[in-house]
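A.B. asks: Take a look at the letters that make up each chain.
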Amino acid sequence: MMPTVAGAVPAKRNAWRPRVRRSVVTGVATIVALLVAWWLSTSVLGLVGPARFPSPEAFVAALQRIWTQGYAGGTLIEHVVQSVRLVFVGFLTAVAVGVPLGFLMGYDRRIEAFVNPVFLVLRPIPPLAWIPLAIVWFSLGDASKVFVIFVSAFVPSVINTYTGVRNVRKHLIEAALVHGASRGRVIREVYLPDASPMIFTGLRLSLQASWTTLVAAELVGAFLGLGRALQTAYRDVNTPMILVAMVAIAISGALTTILLARLEKRVIRWRAEA
Amino acid sequence: MTRAVPLWLYSLSSLVLFFGVWQGVTVLGLVSPFVLPSPVTVAERAIAMMQRPFAGALLWEHAFSSFLRFLGGFGLAAAIGVPLGLMMGRFRLLDEMVTPVFEAYRYVAPLAWVPFAALWFGTGVGGAIMVIFTGAFAPCLINAYRGARLVDKHLIEAAQTHGASEFRIATEVLLPGALPSIVAGLRVSAGLGWQSLIGAELIVVSSGIGYVMIQGQSNLSPQTVITAMLVIGLIGLLIDVGLRGVETAVRRKWEGQ
Numbered sequence: 120m121m122p123t124v125a126g127a128v129p130a131k132r133n134a135w136r137p138r139v140r141r142s143v144v145t146g147v148a149t150i151v152a153l154l155v156a157w158w159l160s161t162s163v164l165g166l167v168g169p170a171r172f173p174s175p176e177a178f179v180a181a182l183q184r185i186w187t188q189g190y191a192g193g194t195l196i197e198h199v200v201q202s203v204r205l206v207f208v209g210f211l212t213a214v215a216v217g218v219p220l221g222f223l224m225g226y227d228r229r230i231e232a233f234v235n236p237v238f239l240v241l242r243p244i245p246p247l248a249w250i251p252l253a254i255v256w257f258s259l260g261d262a263s264k265v266f267v268i269f270v271s272a273f274v275p276s277v278i279n280t281y282t283g284v285r286n287v288r289k290h291l292i293e294a295a296l297v298h299g300a301s302r303g304r305v306i307r308e309v310y311l312p313d314a315s316p317m318i319f320t321g322l323r324l325s326l327q328a329s330w331t332t333l334v335a336a337e338l339v340g341a342f343l344g345l346g347r348a349l350q351t352a353y354r355d356v357n358t359p360m361i362l363v364a365m366v367a368i369a370i371s372g373a374l375t376t377i378l379l380a381r382l383e384k385r386v387i388r389w390r391a392e393a
Numbered sequence: 003m004t005r006a007v008p009l010w011l012y013s014l015s016s017l018v019l020f021f022g023v024w025q026g027v028t029v030l031g032l033v034s035p036f037v038l039p040s041p042v043t044v045a046e047r048a049i050a051m052m053q054r055p056f057a058g059a060l061l062w063e064h065a066f067s068s069f070l071r072f073l074g075g076f077g078l079a080a081a082i083g084v085p086l087g088l089m090m091g092r093f094r095l096l097d098e099m100v101t102p103v104f105e106a107y108r109y110v111a112p113l114a115w116v117p118f119a120a121l122w123f124g125t126g127v128g129g130a131i132m133v134i135f136t137g138a139f140a141p142c143l144i145n146a147y148r149g150a151r152l153v154d155k156h157l158i159e160a161a162q163t164h165g166a167s168e169f170r171i172a173t174e175v176l177l178p179g180a181l182p183s184i185v186a187g188l189r190v191s192a193g194l195g196w197q198s199l200i201g202a203e204l205i206v207v208s209s210g211i212g213y214v215m216i217q218g219q220s221n222l223s224p225q226t227v228i229t230a231m232l233v234i235g236l237i238g239l240l241i242d243v244g245l246r247g248v249e250t251a252v253r254r255k256w257e258g259q
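Residue numbers (the numbering used here), protein chains in the order written: chain A, 120 to 393; chain B, 3 to 259.
There could be a bad hint or two in this list.
Short, incomplete list of chain B residues facing chain A, as computed with Cβ under 10 Å [unchecked claim]:
id, residue
1, Leu9
2, Leu38
3, Ser40
4, Phe118
5, Gln197
6, Leu232
These are computed hints drawn from the structure, not numbers from a lab. Think of the CB as a built atom: it goes at the ideal place given N, C-alpha and C, for glycine as much as any other residue.
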């Protein structure tokens, strides 16, 4: 995919540049228009009541409150840190187990035959359906969140790594073997680089699933975290605070995704140089 | 490489091991039945729940009411997401307007909409449908958009020269051209929508198969929870198999042309 994109840019540069500018202008204009419509319909005209959707002023006030005084057992930073920490712990554990397992399943048909049936039984169960069982097993603390995040992030890691390894180009493996490469070298220098785009796709899906599950788990019951803030705001019918929590969830999710994309770029570039 | 042991034996041994260990640790009392009930206990519980009402209804009635809600939210997501995605693929201005808003929306985890869904549409059917919608909407739109972008521009131009209206271009050129991509998107969004509904039923909606799990959890009856999990998995699987059938049929027809 990289070469076509890189190759297309210089040829189309003249046509390409103004279009980017135009799309930025249109995008910014749309967002500004929406913000103005929000302000008009809530604060100025009062078309939408504060119990349905907050005004921008109320949103800013709620943001100030949770930032300085805190809300639902912590300040905004404390909630964010708690949620991000749980996502990372659950996600990294799932990746640390899922990627090697997926690799082995793609590498050796016997391992695939052994793991697949159990996988087929457990896979259709949506990760969120594990939340009640997690609460029975680990109560409402951190452990139950890490467990459900693990369950949700595990499946995409395994499946995509497996698919990536299965689709490693056979002639590359054969060429390496013909030239007398050891098994370790074939894995390091053929399998891993060739499968890495698929593995990263799996990691991205895993990270997304981690956030979805964490928010759900914290909404069902938690002591701290963004989902907990959201749930408390809902109980209090505090619509400004609901919106603050939603925006915080979106930004935290976006930042972790960007972090992963950076990592992917670095790894793939390293691969291209090697 | 010669294989002394056939592959299916590995598969069989894995299932035997899985259920054997599960049954073993519970029978030997290594795990409390309030933590992990044996497979036999779960099966008995499932049969009991099919015969006697639990949380106000029989097991299949809970499952069926959840499924109907799912159809409502999923249908709505497809009915809005697919046409919008097609139009975004056709008209650049619309694409440029919607994309930034859509990108921002995508980062909000679907379940984070639960509070607003409950406040706007109540904790009954309306709120649940909105949560399914927010979960299922994105893949519908993205895949319709991608599909529309892949449609051969010459076909659109040919239709225009022959005086086709925008509506006819959409329904007779864009939609059939993008159909394989759309159906693939529907499969992804069905999975996400089904999962979002379960989440909504865990959090605010007090009926349906997700609610059965919450009841089982507060009654300290893990066998009820596991029964519901299996039913949820089974319905999810059936939805996916159904849509996969549609996908295969579409692809066959599309490639056969």
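A.B. asks: With reference to the structure, classify each hint as holding or not holding.
C.D. replies: To see whether the hints hold, each was checked on the structure:
{"no.": "1", "hint": "Leu9", "result": "holds, 4 Å"}
{"no.": "2", "hint": "Leu38", "result": "holds, 8 Å"}
{"no.": "3", "hint": "Ser40", "result": "violated, 15 Å"}
{"no.": "4", "hint": "Phe118", "result": "holds, 6 Å"}
{"no.": "5", "hint": "Gln197", "result": "holds, 4 Å"}
{"no.": "6", "hint": "Leu232", "result": "holds, 7 Å"}
Of the numbered hints given earlier, the model fails hint 3 alone.
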